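J.: Below, each chain spelled out in residue letters.
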Amino acid sequence: MEKVLEVKNLSKSLSGRLIINDVSFDVFSGEVFGFLGPNGAGKSTTIKMILGLLTEDCGTITINGFDHRKEYEKSMKKVGGIVENPEMYENLSGRTNIEMYARLHEGVTPERINEVIELVGMTLWAKEKVKKYSLGMKQRMGIAQALVHRPNLLILDEPTNGLDAQGIMELRNMLKRLAHEEGVAILVSSHQLFEMEQMCDRICIISRGKIAAINTIEELRALGGEDNYLLSTADVNRAVEILNSAGKGNIIKQTAEGKLTLVASDEEISGIIKLLSTSDVLITGVNKITASLEEAYIEILNGGAKK
Amino acid sequence: MTGLKALIHNELIKSVKRSAIILFIIMISLTLILGALVSLVFSISDGIISDVNYMDNIDESIESTRELYLSATDPADKLSYAEQLSEYEAQKYLLEDEDYTIAAYKYAMYYDAVDMYSSLIFQGYYDDIISGSGHISDEILSEYSYIFDIDVTQAQVYADEYKSIKSFDDYIDYMNKQINSSNLTSDQKEIEKRALEYHVMIDPDGSDIYSSQSIEQYKTLAYSINDKHDYPESLSVLSYEKEEEYRNALAALETSFNKGAGVNSGRYYGELTSEVMLSVSMSFTMIILVVISGGMISSEITSGSIKSLVIAPVKRYKIALAKIITIAVYGLGLTLVAYLVTFIIVSLIYGGPSAIMPYVTSFSLVIPGPLYLLIKFLIYYFEAMVYAMFAFMLSVLTKNTAISVAIPLLIDMVISGIGQLVALLSGNNIVSMVINCLPTSHFDICSRLFGFSASGINITLNGETLSGVASSPSPVISFIYLFVLGLGMTLAAIDTFRHRDIVK
Numbered sequence: 386m387e388k389v390l391e392v393k394n395l396s397k398s399l400s401g402r403l404i405i406n407d408v409s410f411d412v413f414s415g416e417v418f419g420f421l422g423p424n425g426a427g428k429s430t431t432i433k434m435i436l437g438l439l440t441e442d443c444g445t446i447t448i449n450g451f452d453h454r455k456e457y458e459k460s461m462k463k464v465g466g467i468v469e470n471p472e473m474y475e476n477l478s479g480r481t482n483i484e485m486y487a488r489l490h491e492g493v494t495p496e497r498i499n500e501v502i503e504l505v506g507m508t509l510w511a512k513e514k515v516k517k518y519s520l521g522m523k524q525r526m527g528i529a530q531a532l533v534h535r536p537n538l539l540i541l542d543e544p545t546n547g548l549d550a551q552g553i554m555e556l557r558n559m560l561k562r563l564a565h566e567e568g569v570a571i572l573v574s575s576h577q578l579f580e581m582e583q584m585c586d587r588i589c590i591i592s593r594g595k596i597a598a599i600n601t602i603e604e605l606r607a608l609g610g611e612d613n614y615l616l617s618t619a620d621v622n623r624a625v626e627i628l629n630s631a632g633k634g635n636i637i638k639q640t641a642e643g644k645l646t647l648v649a650s651d652e653e654i655s656g657i658i659k660l661l662s663t664s665d666v667l668i669t670g671v672n673k674i675t676a677s678l679e680e681a682y683i684e685i686l687n688g689g690a691k692k
Numbered sequence: 007m008t009g010l011k012a013l014i015h016n017e018l019i020k021s022v023k024r025s026a027i028i029l030f031i032i033m034i035s036l037t038l039i040l041g042a043l044v045s046l047v048f049s050i051s052d053g054i055i056s057d058v059n060y061m062d063n064i065d066e067s068i069e070s071t072r073e074l075y076l077s078a079t080d081p082a083d084k085l086s087y088a089e090q091l092s093e094y095e096a097q098k099y100l101l102e103d104e105d106y107t108i109a110a111y112k113y114a115m116y117y118d119a120v121d122m123y124s125s126l127i128f129q130g131y132y133d134d135i136i137s138g139s140g141h142i143s144d145e146i147l148s149e150y151s152y153i154f155d156i157d158v159t160q161a162q163v164y165a166d167e168y169k170s171i172k173s174f175d176d177y178i179d180y181m182n183k184q185i186n187s188s189n190l191t192s193d194q195k196e197i198e199k200r201a202l203e204y205h206v207m208i209d210p211d212g213s214d215i216y217s218s219q220s221i222e223q224y225k226t227l228a229y230s231i232n233d234k235h236d237y238p239e240s241l242s243v244l245s246y247e248k249e250e251e252y253r254n255a256l257a258a259l260e261t262s263f264n265k266g267a268g269v270n271s272g273r274y275y276g277e278l279t280s281e282v283m284l285s286v287s288m289s290f291t292m293i294i295l296v297v298i299s300g301g302m303i304s305s306e307i308t309s310g311s312i313k314s315l316v317i318a319p320v321k322r323y324k325i326a327l328a329k330i331i332t333i334a335v336y337g338l339g340l341t342l343v344a345y346l347v348t349f350i351i352v353s354l355i356y357g358g359p360s361a362i363m364p365y366v367t368s369f370s371l372v373i374p375g376p377l378y379l380l381i382k383f384l385i386y387y388f389e390a391m392v393y394a395m396f397a398f399m400l401s402v403l404t405k406n407t408a409i410s411v412a413i414p415l416l417i418d419m420v421i422s423g424i425g426q427l428v429a430l431l432s433g434n435n436i437v438s439m440v441i442n443c444l445p446t447s448h449f450d451i452c453s454r455l456f457g458f459s460a461s462g463i464n465i466t467l468n469g470e471t472l473s474g475v476a477s478s479p480s481p482v483i484s485f486i487y488l489f490v491l492g493l494g495m496t497l498a499a500i501d502t503f504r505h506r507d508i509v510k
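Quick note, the sequences are listed as chains A and B, same order. Per the working numbering, the very first residue in the first sequence carries number 386; after that it's consecutive. Per the working numbering, the very first residue in the second sequence carries number 7; after that it's consecutive.
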């Protein structure tokens, strides 16, 4: 995996307040990198600095090996992005907007423009003026624009805003395909954990302008704890007794009227069910409770876990 | 300059806005209406105002000058009053007669009479100097007073002869015959023939009664050098220094004839009309440019569309530069349209494209007419660009379109308001007020640079000179000042845009 974006010790103050404090991270080709954090954590500010909309106070941004400050034109050559809402020229058609954007890049053919418009399913609307578009349509056109010059780094700030459930699913699949099949490095920001979990390979959690953690989804899940199983049985006391006598009392997490919560892996739990049923404990139901990513997230935000 | 061309291409697509197109249409139609209106006013005023008002004035002038002439004791004063008096009387003859051809002949005859009269007075003056009295005797004056009586019958004969001339060739033949049958020396005939050639050159259709003044000027200088007599000033023998001076003046006059600049021609109203039309259309050009450039950065920042520009792999300064170049291209296009419309209309109304050429009353025009038009074009264009760059700079600094458009327009209004105030205070009439109200007329850089009126602000109408805003003491300095101002604002805009955070 090739390092496409390298952010090092980035800091930025706005009106005397430190918004971004010593942020460093890398994004590699072929991965969807999530930028997760509550509102006002500094996600957008960091993205705006990477895209050249804000100037950094200190730190370096390197894209495809080119220093952002020294070789801006070269560094931005293969970058596509949408910041906040995809703003286009309202009085012009979606296609004209993309054509204008394409003109600023090398080697974009009219066929390629058709291709990206079709990719986002906007072929029917491409010749309409942008002011007639809904937010979701603008978002789709914005993504088409960001992709038109075949960038190897795609930066999307809250890309699911305004998209319906189907649109979100399509976007998710498209981004995954771009990353995993075409090797594009994708940086996506969101404040929605669920969305990030579905989309990203790695997640960077940012809080109050600082990086709190950078983990893969699996690592994050692990931080949230092991999976739990909820056993329903009429005879809780006997079940506890059997487990204790079998030397497995340590897996009992919680007991309640008719319910028993166990911490165990998938392999362990089948043995336990077998043990209990052979001991004539009637099990009326088994529910797996996935370890909460949310827990891990909240814990990291509160300064608990580190990368 | 990779990317710059694409950026300019995009800017041209973006800035074609409905508001700008409407303004453009208003500009063209207003220019056309005003041009037609002004030429109508001039054609009426030429017949009515000058005849009625001017005649009142000229009777008064004749009366007062006659009194001054009679009461004057100093011979030099007496002479200058006599000259003035004969000039006024000649003009009166000219204006009283509706037939310009006859009037022109009367005027020409009168001019001859005035010349003779003046020289006789001079003669008398010198006689008296010699006799020691220092006064011109009444006998001498009365002796030559017959010269005032114009032979109207003879003028009619000349007029009929003149009217029988149907073509250029007829005219040249007629004049050559006159010259050949005269009792001039061969050198003098040569001067007359050359003067005739120049006359045909600057006034080919004989419609311009004023062109004879320039020709007279030419002949006076040529005769002075030829006869070694100082005709324009003292009638005494021409000094070496004076001869040098007259030779230079003659050369300058010949240059201006040869370079095709109008000299004392009837193009006067044509140029004035074109000035009014250009003032209006250039004011609109300025407004359109300010509206476009005032919103160029700020509206894109407000709408957020600037983001897709900044994300593209082009340097910031190129984005600003592309916008400035687009404004400059628009400005050039609009100025060209303004000139073209004016040129066509003035040509149609006043007959022929030469009507737009400058009207010059002295020897000062030593640059060719087309070059003069080009300089004027650039000054107009440059002035509009200064305002546009000001709006552009404000657009970058304030990120607010309304402020960026309003402030330059407000400043322009204040400046022309001052011009109006000056015109009011200096007691000028409504015409100068109207001209000064036109937003772009106040700079009048051309007259400051070249010493003659190019903008039509300092015009003489009905014997009264209408002056515009008090001119700057140093035209060169004010020109440099404007240039530096425009450039400074452009650079400030680019530099601010380069380093500024585009979004919060």
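If you are wondering where the hints come from, they were derived from the structure by calculation, not from laboratory data. Just so you know, these numbers come straight off a predicted model, no measurement behind them. Even glycine gets a Cβ: it sits at the ideal position worked out from N, Cα and C. A hint or two may mislead.
Below, computed lysine-lysine pairings styled on PhoX-like, alpha-carbon distance capped at 20 Å [unchecked claim]:
id, chain 1, residue 1, chain 2, residue 2
1, A, Lys517, B, Lys23
2, B, Lys321, A, Lys463
3, A, Lys455, B, Lys321
4, A, Lys638, A, Lys673
5, B, Lys234, B, Lys248
6, A, Lys561, A, Lys463
7, A, Lys595, A, Lys393
8, A, Lys673, A, Lys659
9, B, Lys234, B, Lys195
10, A, Lys459, B, Lys321
11, A, Lys659, A, Lys633
12, B, Lys23, A, Lys514
13, A, Lys633, A, Lys595
14, A, Lys455, A, Lys388
15, A, Lys659, A, Lys644
16, A, Lys561, A, Lys659
17, B, Lys11, B, Lys248
18, A, Lys388, A, Lys673
19, B, Lys23, A, Lys516
20, A, Lys462, B, Lys11
21, B, Lys405, B, Lys382
22, A, Lys459, B, Lys11
23, A, Lys393, A, Lys455
24, A, Lys644, A, Lys673
25, B, Lys183, B, Lys195
26, A, Lys644, A, Lys633
27, A, Lys462, A, Lys388
28, B, Lys183, A, Lys512
29, A, Lys393, A, Lys459
30, A, Lys462, B, Lys321
To give an idea of the chain A side of the interface with chain B (calculated C-beta under 10 Å), a few residues [said to hold, decoys possible]:
id, residue
31, Gly437
32, Leu439
33, Tyr457
34, Gly465
35, Gly466
36, Asn470
37, Asn482
38, Gly527
39, Ala531
40, Leu532
J.: Take the hints in turn and mark each one as holding or not.
T.: Going through the hints against the structure:
1. A:Lys517 <-> B:Lys23: Holds, at roughly 17 Å.
2. B:Lys321 <-> A:Lys463: With Cα atoms ~15 Å apart, Lys321 (chain B) and Lys463 (chain A) stay inside 20 Å; holds.
3. A:Lys455 <-> B:Lys321: Holds, at roughly 11 Å.
4. A:Lys638 <-> A:Lys673: OK: Lys638 (chain A) and Lys673 (chain A) at ~14 Å, within 20 Å.
5. B:Lys234 <-> B:Lys248: Measuring from Cα to Cα gives roughly 10 Å; hence the hint holds.
6. A:Lys561 <-> A:Lys463: holds, 19 Å
7. A:Lys595 <-> A:Lys393: Roughly 12 Å separates the two Cα atoms, so the pair holds.
8. A:Lys673 <-> A:Lys659: holds, 16 Å
9. B:Lys234 <-> B:Lys195: holds, 16 Å
10. A:Lys459 <-> B:Lys321: Satisfied, since the Cα-Cα distance of roughly 10 Å is no more than 20 Å.
11. A:Lys659 <-> A:Lys633: holds, 14 Å
12. B:Lys23 <-> A:Lys514: At roughly 14 Å apart (the allowed maximum being 20 Å), Lys514 (chain A) and Lys23 (chain B) satisfy the hint.
13. A:Lys633 <-> A:Lys595: violated, 42 Å
14. A:Lys455 <-> A:Lys388: holds, 19 Å
15. A:Lys659 <-> A:Lys644: Distance ~17 Å between Lys659 (chain A) and Lys644 (chain A) Cα, so the pair holds.
16. A:Lys561 <-> A:Lys659: Violated, at about 40 Å.
17. B:Lys11 <-> B:Lys248: violated, 60 Å
18. A:Lys388 <-> A:Lys673: violated, 38 Å
19. B:Lys23 <-> A:Lys516: holds, 15 Å
20. A:Lys462 <-> B:Lys11: holds, 17 Å
21. B:Lys405 <-> B:Lys382: Violated: Lys405 (chain B) and Lys382 (chain B) sit about 34 Å apart, past 20 Å.
22. A:Lys459 <-> B:Lys11: holds, 18 Å
23. A:Lys393 <-> A:Lys455: holds, 15 Å
24. A:Lys644 <-> A:Lys673: holds, 13 Å
25. B:Lys183 <-> B:Lys195: It holds: about 11 Å lies between the C-alpha atoms, which stays within 20 Å.
26. A:Lys644 <-> A:Lys633: holds, 17 Å
27. A:Lys462 <-> A:Lys388: OK: Lys462 (chain A) and Lys388 (chain A) at ~16 Å, within 20 Å.
28. B:Lys183 <-> A:Lys512: violated, 78 Å
29. A:Lys393 <-> A:Lys459: holds, 19 Å
30. A:Lys462 <-> B:Lys321: Between Lys462 (chain A) and Lys321 (chain B) the Cα gap is close to 11 Å, so the pair holds against 20 Å.
31. Gly437: holds, 5 Å
32. Leu439: holds, 5 Å
33. Tyr457: holds, 6 Å
34. Gly465: Status holds, d = 8 Å.
35. Gly466: holds, 5 Å
36. Asn470: Check passed: Cβ of Asn470 (chain A) comes within 7 Å of chain B, closer than 10 Å.
37. Asn482: holds, 8 Å
38. Gly527: holds, 9 Å
39. Ala531: For Ala531 (chain A), the interface hint holds, since the closest Cβ of chain B sits about 8 Å away, which is under 10 Å.
40. Leu532: Violated, about 13 Å.
In this structure, the hints that do not hold are numbers 13, 16, 17, 18, 21, 28, 40, in rising order.
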